[in-house]
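Construct all of the structure, not just a fragment, from the sequences and the given hints.
Heads up, the sequence shown is in our numbering, so the first residue is 1 and it goes up one at a time.
Hint data in this document are derived by calculation from the structure and do not stem from the laboratory. Certain hints may be false.
As the list claims (entries may be wrong) - Label pairs and their in silico Cβ distance ranges:
id, residue 1, residue 2, range
1, E129, R69, 23 to 33 Å
2, S370, E547, 19 to 29 Å
3, L407, Q171, 54 to 64 Å
4, A266, D608, 44 to 54 Å
5, P514, T648, 49 to 59 Å
6, A636, S370, 39 to 49 Å
7, A396, D153, 49 to 59 Å
8, V238, E615, 54 to 64 Å
9, R638, S65, 49 to 59 Å
10, H287, K414, 32 to 42 Å
11, G451, D174, 51 to 61 Å
If you're wondering where the values come from, they're calculated on a predicted model, not measured in any experiment. Ideal Cβ placement from N, Cα and C applies to all residues, glycine included.
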Amino acid sequence: MPAEPAPAAITTYTVAVRTLCDFTARQGDLDTRFTPGPTAAQGQEGHRLVASRRPSHWTAEASLSGRWRHLLVRGRADGVDVQARRVEEIKTHRGPIERVPANHRALHWAQARTYGWLLCEQEGWPEVEVALVYFDLDEQAETVLSETHSAADLRDHFESLCERFLHWADQEADHRTRRDEALRQLAFPFGHFRAGQRELAEAVYRAHTHHRCLLAQAPTGIGKTVGTLFPALRALPVTGTDQLYALSAKTPGRQLMLDGLARLQAHTPALPLRTLELVARDKACEHPDKACHGDSCPLAQGFYDRLPAARAAAVRSARMDRAQVRAIALAHRICPYYLTQALVRWSDVVVGDYNHFFDPFAMLHALVASEERSAALLVDEAHNLVERARGMYSAALDFACFRGMRLLAPKTLKRPLGRLHKAWKQLLDSFDAPYQVLETLPDDWTGALQGAVAAVAEHLAEHPTEAPGSPLVRWYFDALFFQSLAEAFGPHSLLDLSTENDGTLSLRNVVPAPFLRERWQAAQGATLFSATLSPPDFVRELLGLPENTAWRDVPSPFAASQLRLEVARDISTRFQDRAPSLDRLVDRIAHHYQNRPGNYLAFFSSFDYQRQASERLAERHPEVPQFAQSRGMSEADRQAFVDRFTPTSQGVGFAVLGGAFGEGIDLPGARLIGAFIATLGLPQVNPVNERMRERLQALLGDGWRYTYLYPGIQKVAQAAGRVIRTPEDQGLIVLMDDRFAQAEVLALLPAWWPAPQPGNQFHKA
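Written out as structure tokens, the structure is:
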């Protein structure tokens, strides 16, 4: 008889204790009613305080692991006392312990008992004391709940959790095996690489397989999206990385990522790749008039009871975009937003916004920081990350908003809010200047703020049904965030007080690097790409990228012969010169339109300057059709503006540089044949920017360029990049300011552009 085939090897699946318990122990309603929880930094400090009270033989963050069948469970117990045969699970909180929800306690006990078994198995103990230590950050007091369990009972508990998880683990292990095998064989979805695209793809692959960061400057038109997605996916099985996070600054960028992934999957239909789109909570909410708990929202009621079936249905879909997840969620009568959150761990590619990984409370970073998942990064249109990161790590408290909130606050908060009101008044009265940079936070004001925040937290804990959008809740979270940034205040940020409009105290981040360094360290390779990343040192230093970050400037596929570049040396867009040069400016626009009628964009530094030019063009050249961007355009209005550029239309669209139409729109061929740029894009010279310049000069030694020149020219290059989108395009760019002729400015423009022509002076007498 022939020998029986050997049984297939069973893959060991590794799961974190936290994930195992979260997956198997949650039940009942979704409930996000207010509980005054600590920030991550405050929680870590609470753990350190508890540890400082323990004996020397007590071990913090004890690594433990154990197996059940082919499941490997591992994690770090908060505290282990071998002499007392005791394991502790520490949870920080604010307010009375009775307010910790019962479903949270059930999850905490599941984790503590799991660590209890892993410790018994490791040490060979017949029993162990399992303790839940709730540490009140405000009172600095511990509430200890303890149980003594036999090893046999804990083993039964552990095996019951593992049994419930094992079917999912087997499914995930099989998916991962098939996914990695398919990615190793993944073929480029087009017949050949475009010019420059192969070089970009090779640089991305090398960076990710060596766990390095890459800055890639690559022009529009070479296919950056697929050119980065393809090698980043090919690198996942080589490095054993769990996920790829594809991040962008705006919705159009995320859609490009989703479309690129769809092309890859269409080219390889058998590719088992789960792609998840993250969307903002307000865009995913089905019942914005209801609170997120079972007593109010029907999609929160029984959420965790119906989640397993919805989760299983979702992961069978290759593309879990917003529409698909919504359809699955509603079919199972659960919240689409929180279903999306539950799917993040089980996705291969997560497409989201910068803030999902880089902001202080980013969910994606929390996953990799806790070592539950490993991930590589793709950061699209990365020139935007500097300003976005500055915003993530900046905060402001406005006196007028505080006063308005105080008038509506309950009487029980009168005393602590009154003390803060008095401290605000004293602070504002102590300065005569309209703008003042402070070296440190004033002690009296800081103490009053801490007291007010603590009192509001206590009130909200006692009234958990307070509307999330109420002035009190909004102010509370703004104040909490301000406090958290104040704890990390240093030379990387400015603390300033504006006494105008009732007064505002601001913490403004200048250099995001200190906050972002750990983000790059947590990633298993990262590629930041854009058409405008020059000079690379500017980006590298401000974002805190590692010293070994690679730089790749991908050659353009476009030829200088496709573009006519003019510099209008007879025009100055400096504020004092705008009115005298306005006739020359609009005459030049009209001349080019009359010489070659078609679609043009004209960019200006402000809506006011744009309006002046539009009115003057209408006055001097009424035959030139025009339309303009307006303040506060809705998404539909912005789309209508773009839709006016058709292959057969003609006219001049007026827009603001750095706005919605300066990047991220694609108008190939006759849809756009020229751009007029009437500004260097330099940020406004004002007290805030001048203090930023001084700080950057002190920290990095090139304050003016870092504050004004480099950000401005990046915007110019982005806007001009709307003109030539394909190797077949022919177009015109007119840089309307004499400063564009300066060698330093010309050196920052795209290298493939032709030498600028002076052009003629077009002035209608």
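Hints versus structure:
no. : hint                      : result
1   : E129 <-> R69: 23 to 33 Å  : holds, 28 Å
2   : S370 <-> E547: 19 to 29 Å : holds, 26 Å
3   : L407 <-> Q171: 54 to 64 Å : holds, 56 Å
4   : A266 <-> D608: 44 to 54 Å : holds, 47 Å
5   : P514 <-> T648: 49 to 59 Å : holds, 53 Å
6   : A636 <-> S370: 39 to 49 Å : holds, 40 Å
7   : A396 <-> D153: 49 to 59 Å : holds, 54 Å
8   : V238 <-> E615: 54 to 64 Å : holds, 59 Å
9   : R638 <-> S65: 49 to 59 Å  : holds, 52 Å
10  : H287 <-> K414: 32 to 42 Å : holds, 34 Å
11  : G451 <-> D174: 51 to 61 Å : holds, 56 Å
Of the numbered hints listed earlier, not one is contradicted by the structure.
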